[in-house]
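*Asks:* Going by my numbering, the sequence shown opens with residue 6, and the numbers climb by one from there.
The hints are simulated quantities; they were obtained by calculation from the structure and are not laboratory data. The reader is advised that the hints may include incorrect statements.
What the hints assert, rightly or not - Straight line, CA to CA, 16 Å or less: simulated EDC-like cross-link-like pairs of lysine to aspartate or glutamate: (1) 121 to 91; (2) 39 to 63; (3) 96 to 111; (4) 84 to 120; (5) 90 to 111; (6) 82 to 120; (7) 82 to 16.
Claimed, not checked - Label-pair ranges, simulated between beta-carbon atoms: (8) 36 to 99: 15 to 25 Å; (9) 106 to 68: 31 to 41 Å; (10) 41 to 13: 30 to 40 Å; (11) 68 to 41: 11 to 21 Å.
Quantities reported herein were computed from a predicted structural model and do not represent experimental measurements. Yeah, the Cβ is synthetic: ideal placement off N, Cα and C, and Gly gets one too.
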Amino acid sequence: MTQIDVFLFIDSCPQPTLLTTIDGIMVYSNSSYKEQFYQEKANQLTPVIDNIIESSKEPLIQANALYCKFLESLFLKNKKTTIKKELFYYKQYVTLRTIVSIDCDDYILLMISEEK
6 MTQIDVFLFI DSCPQPTLLT TIDGIMVYSN SSYKEQFYQE KANQLTPVID
56 NIIESSKEPL IQANALYCKF LESLFLKNKK TTIKKELFYY KQYVTLRTIV
106 SIDCDDYILL MISEEK
């Protein structure tokens with residue numbers, strides 16, 4: 006797949022979707038992600054989850070972000086697509102993480118769907 010193919014796929018997803026490096030640095034996200042989760046003051050060179058931990062003053066949000074970081078580390082260790090329940094900002098979500106290869110480099114594709 007090319008980078009353009011992946012970006013077009015992300016843009017076509019109705020649920021929040023983003024692409025990060027293996028280190029967690031955001032590469033691209035769709036408008037749904039930007040509307041629901043994106044923090045404009047976030048450091049672009051800091052992993053997404055670390056930005057949440059550093060920018061929040063609420064212990065519950067920090068704890069949830071640490072749990073997400075733990076799930077991501079398990080995902081990276083096993084390198085298998087995972088579907089998990091996670092808590093972001095006091096709402097329950099189902100997340101799908103998978104590895105996407107673009108030009109021989111691996112990235113993480115994360116899709117987030119609010120649990121109803």
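*Asks:* When you check the alpha-carbon spacing of residue 96 and residue 111, does it fall within 16 Å?
*Replies:* violated (29 Å)
*Asks:* Just to be sure I understand the hint, the distance between the Cβ atoms of residue 41 and residue 13 should be within 30 to 40 Å; is that true here?
*Replies:* violated (21 Å)
*Asks:* Taking 16 Å as the top limit, are the C-alpha atoms of residue 90 and residue 111 close enough?
*Replies:* violated (24 Å)
*Asks:* State, for the Cβ atoms of residue 36 and residue 99, whether the hinted interval 15 to 25 Å holds or is violated.
*Replies:* Given a distance of about 20 Å, which is inside 15 to 25 Å, the answer is holds.
*Asks:* Just to be sure I understand the hint, the distance between the Cβ atoms of residue 68 and residue 41 should be within 11 to 21 Å; is that true here?
*Replies:* holds (20 Å)
*Asks:* Verify the proposed pairing of residue 84 with residue 120, using a straight-line Cα cut of 16 Å.
*Replies:* violated (25 Å)
*Asks:* Does the hinted range 31 to 41 Å hold for residue 106 and residue 68 at CB?
*Replies:* holds (33 Å)
*Asks:* Does residue 120 lie within 16 Å of residue 82 when you go C-alpha to C-alpha?
*Replies:* Outside the cut-off at roughly 26 Å; violated.
*Asks:* Within a Cα-Cα threshold of 16 Å, do residue 39 and residue 63 meet the stated pairing?
*Replies:* violated (21 Å)
*Asks:* Under the criterion that the straight-line Cα-Cα distance not exceed 16 Å, is the pair residue 82, residue 16 satisfied?
*Replies:* Violated: residue 82 and residue 16 sit about 28 Å apart, past 16 Å.
*Asks:* Does residue 91 lie within 16 Å of residue 121 when you go C-alpha to C-alpha?
*Replies:* holds (13 Å)
The structure fails to meet hints 2, 3, 4, 5, 6, 7, 10 from the earlier list, while all remaining hints are met.
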